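Residue numbers (our numbering), protein chains in the order written: chain E, 57 to 478; chain Y, 21 to 293.
Since the hints were made in silico from the structure, they are not lab data.
As the structure is a computational prediction, the values presented were derived from the model and not from experiment.
Treat the hints with care, since some could be wrong.
Using C-beta positions, here's what the derived DEER-type ranges look like [what the hints assert, rightly or not]:
1. Asp163(Y) / Ser372(E): 45 to 53 Å
2. Ser372(E) / His59(Y): 27 to 35 Å
3. Pro290(E) / Cys233(Y): 40 to 48 Å
4. Ser372(E) / Asp286(Y): 53 to 61 Å
5. Asn65(E) / Asp286(Y): 48 to 56 Å
6. Thr188(Y) / Phe101(E): 48 to 56 Å
7. Cys233(Y) / Met463(E): 54 to 62 Å
8. Ser372(E) / Arg102(Y): 58 to 66 Å
With a straight-line Cα cutoff of 25 Å, these simulated SDA-like cross-link-like pairs (lysine to any residue) come out [to be verified]:
9. Lys291(E) / Ile98(Y)
10. Lys134(Y) / Val376(E)
11. Lys473(E) / Thr188(Y)
12. Lys140(Y) / Met470(E)
13. Lys203(E) / Glu214(E)
14. Lys158(Y) / Ser372(E)
15. Lys473(E) / Glu185(Y)
16. Lys134(Y) / Gly357(E)
17. Lys96(E) / Ala245(E)
18. Lys227(Y) / Ser361(E)
19. Lys291(E) / Gly56(Y)
20. Lys96(E) / Val446(E)
21. Lys140(Y) / Gly388(E)
22. Lys291(E) / Cys101(Y)
23. Lys96(E) / Thr241(E)
24. Lys134(Y) / Arg363(E)
25. Lys134(Y) / Ile362(E)
26. Lys96(E) / Leu401(E)
27. Lys140(Y) / Glu364(E)
28. Lys140(Y) / Leu390(E)
29. Lys291(E) / Asp57(Y)
30. Lys140(Y) / Phe474(E)
31. Lys140(Y) / Leu356(E)
32. Lys291(E) / Tyr54(Y)
33. Lys473(E) / Lys140(Y)
34. Lys140(Y) / Arg172(Y)
35. Lys158(Y) / Gln375(E)
36. Lys291(E) / His379(E)
37. Lys134(Y) / Pro359(E)
38. Lys291(E) / Thr58(Y)
Idealized CB from N, CA, C, for every residue including glycine.
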Amino acid sequence: MQARLTGRNAAELRFRLYGLFAIGAAIATLGVLLFSIVGKGYTAFVQTEILLDVRFDAAAIGDLEDLEGEGRRAALQRADYGALLRESLREQFPDVEGRTAIRSLTALVSTGARAMLREKIADDPALLDRSVPLWLTADDEVDMLMKGQIARDVPESERRLSDVQLAWVDALEAEGRIRTVFNRTFLTAGDSREPELAGVWGALVGSFLTLAVALGVSFPIGVLTAVYLEEFAPKNRWTDLVEVNINNLAAVPSIVYGLLGLAVFLNILQLPRSAPLVGGLTLALMTLPTIIIAARSAILGVPPSIREAARGVGASPLQVVAHHVLPLALPGILTGTIIGMARALGETAPLLMVGMVAFIVDVPGSLTDAATVLPVQIFLWADSPERGFVEKVSGAILVLMTFLLLMNAGAIVMRQKFEKRW
Amino acid sequence: MLLAPSDSEAEVIVPEPSTEEFRPKMNATAVDVYYGDTHAVKKVDLPILEGDVTALIGPSGCGKSTLLRCFNRMNDAIAACRVEGEITLEGRSIFDAEIDVVELRARVGMVFQKPNPFPKSVYDNVAYGPRIHGIARKGPEMDAIVASSLERAGLWQEVKDRLQESGTALSGGQQQRLCIARAIAVDPEVILMDEPCSALDPIATAKIEELICELRGRFAIAIVTHNMQQAARVSQRTAFFHLGELVEYGRTEDIFTNPVQERTRDYITGRYG
Ligand SMILES: Nc1ncnc2c1ncn2[C@@H]1O[C@H](COP(=O)(O)OP(=O)(O)O)[C@@H](O)[C@H]1O
Ligand SMILES: [Mg+2]
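Isolated chain E (complex conformation) (with noise of 0.2 Å):
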């Protein structure tokens, strides 16, 4: 009797041990997994500038005092801003001659700079023929160097930025011309072939207008289609085979999904391709059987009695459902759908097959817009050969985990609301 005792306390302790063992890994895992990205990603958020005295040439630019509306916007289109740069850094560094050496000293520049003085000078004309002091965005490579993710001591052949760009850069940051700052194009533009123009805004109005076309069209369907089963539908043996069938769809690998998508809101429909209706549309095929699955089991989880109770004093079907079923139901129904969501989120198989996976430099500004979704662009970035986009992948990682714990907050404070009214 003594000896089982003891052994079976061993055999408890032993459990509680692999527990906390299982536990703790978990927690290591995440923590490693959060270490590196948060590690890598944070550079992400900023960018190196160059500061560079620019005349703006009205020789370059042309007259803009005469002309307006069309004229002056095609005026300003059509002017010279790389010159206006080669200027400013010829005059920074006055002994650099021939074409190459020019053409790689005003590679440390982004190519966006132009797009910046365009800007600067549309929105002030006076500033015409006269210098101004102007930060602008530093070229990748240079931006990767002062990140330290670029070795000085490797051979100059094997290095992206040369030895003179080195000392160009050198001579820069020892005049106080090379800042770091807050990264705001990361935010806020579409992608780009320049990593540091490149956004994850595109991307993450694309994965809103998804998700909210997905939400839009399984939460209602799945939550009725569940009221339907479980409160109205008849038990014989077809609501048994559409149960089956419901439960043998949560389990299909979402690619399949994205094929019938394809086939039938491309291919019938002729919707859009690349376009947040038809991904959201197809991973609300995805959603469905989850949202399905998990409302009915939280209307499962209702009484019996409550229904009883209001039947009893004469409520219709309906008005049971209405008024007591569905909102005791609410807070499991809401858990089920952030879980679908959360999955419709990070999902790209599915929307690989509907076209979003695309090279979109434009954020989408309604849901038949090309788009693409933040998992589909962490994979294009990660895909690139740039070293710039590694640290942007990071970044839009982070971005996603941000999205998630924002609906998962959301889906919290929802819930919660809910659960005290009753």
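Please build the complex by placing chain Y with the ligands on the supplied structure of chain E, with the hints as guidance.
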């Protein structure tokens, strides 16, 4: 109106003769209830008299609840349940196509075995019925109905300061009285009670019994109970069931002091049940 003796059982009692005033508010005639293949209620004739409390007694599983639930068609929601025979409310069949089950349940209220207030405020619990039946609108009219229903259920003094608290936060006895208030808020003609005290302590039980006595006269009440003393205390009529059959029906004092049937005598003297 006279109830015909059931011919399936020769010894079945003819319900009270018409010497006294005999006013059945509801009347069940030859009611059979089946759950799939289970024959739960067998050819039962039972009147529920206006202004009286009718007690349904009998051992567990004899079909008391099943029969009670027939009176406001609560069994409709059970797919396997099949009801045969006739039940009338004021002479009209409750299975009549013209009678809406929602209206029927407004006229025939129900109190359940386990107190089942809605997980809403005390006020909303009582106001729910009047609201869905359009008896009163929000505001003073509804406030008055809630107050008078709680008053009649003997709960007003205890909850008048906590109308906005959840109904589920009350004690078991208070919850059951809240359920009674909820049932009478729609001003029904009949109240069905299925063992309303079985989940309550003796003090709460006494309060409910008192309440039933007060409500008598205003409503026709049918109460299922396991408790012999309770049946004797609160009811004027008693029906004794056994294995789905109505064994004996009569005035409560007759059933308890001078039962005709052997089985009734055995049951009320505690020989089985
Ligand atoms: N929902 C149901 N489904 C199937 N059988 C039922 C159901 N409810 C009651 N029964 C059966 O009907 C018979 C009568 O039950 P009930 O009316 O609850 O008895 P009582 O209330 O007298 O204890 C019992 O044999 C019981 O098993
Ligand atoms: Mg019962």
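**OP:** Would you mind confirming whether the straight-line C-alpha gap from Lys158(Y) to Ser372(E) stays at or under 25 Å?
**Re:** 20 Å, holds
Original post:
Between Ser372(E) and His59(Y), is the Cβ distance one that fits in 27 to 35 Å?
Top reply: 30 Å, holds
Subject >> Satisfaction of the hinted span 45 to 53 Å by the C-beta atoms belonging to Asp163(Y) and Ser372(E) >> reply: 25 Å, violated
Original post:
Within 25 Å, alpha carbon to alpha carbon, are Lys134(Y) and Ile362(E)?
Top reply: With a Cα-Cα distance of about 11 Å, the restraint between Lys134(Y) and Ile362(E) holds, given a limit of 25 Å.
Original post:
Are the Cα atoms of Lys291(E) and Thr58(Y) separated by 25 Å or less?
Top reply: Judged against 25 Å, a Cα distance of about 19 Å means the pair holds.
Original post:
Honestly, do Cys233(Y) and Met463(E) meet the 54 to 62 Å range at C-beta?
Top reply: The hinted range 54 to 62 Å holds for Cys233(Y) and Met463(E), with Cβ atoms some 58 Å apart.
**OP:** Could you grab the alpha-carbon distance between Lys140(Y) and Gly388(E) and see if it respects the 25 Å cut-off?
**Re:** At roughly 18 Å apart (the allowed maximum being 25 Å), Gly388(E) and Lys140(Y) satisfy the hint.
Original post:
Does Lys140(Y) pair with Glu364(E) here, judged by a C-alpha cut-off of 25 Å?
Top reply: The given pair, whose Cα atoms are some 15 Å apart, holds under the 25 Å limit.
Subject >> Given hint Ala245(E) paired with Lys96(E) - CA-CA distance at most 25 Å >> reply: Holds - the C-alpha atoms of Ala245(E) and Lys96(E) are around 20 Å apart, at most 25 Å.
Subject >> Hinted pair Lys291(E) and Cys101(Y), Cα distance within 25 Å >> reply: Between Lys291(E) and Cys101(Y) the Cα gap is close to 13 Å, so the pair holds against 25 Å.
Original post:
Is the hinted pair Lys134(Y) and Arg363(E) satisfied, with a Cα-Cα distance of at most 25 Å?
Top reply: 13 Å, holds
**OP:** Below or equal to 25 Å on CA atoms is what counts here, so check Lys134(Y) against Pro359(E).
**Re:** 12 Å, holds
Violation of the numbered hints given earlier is confined to hints 1, 4 and 8; the remaining hints are satisfied by the structure.
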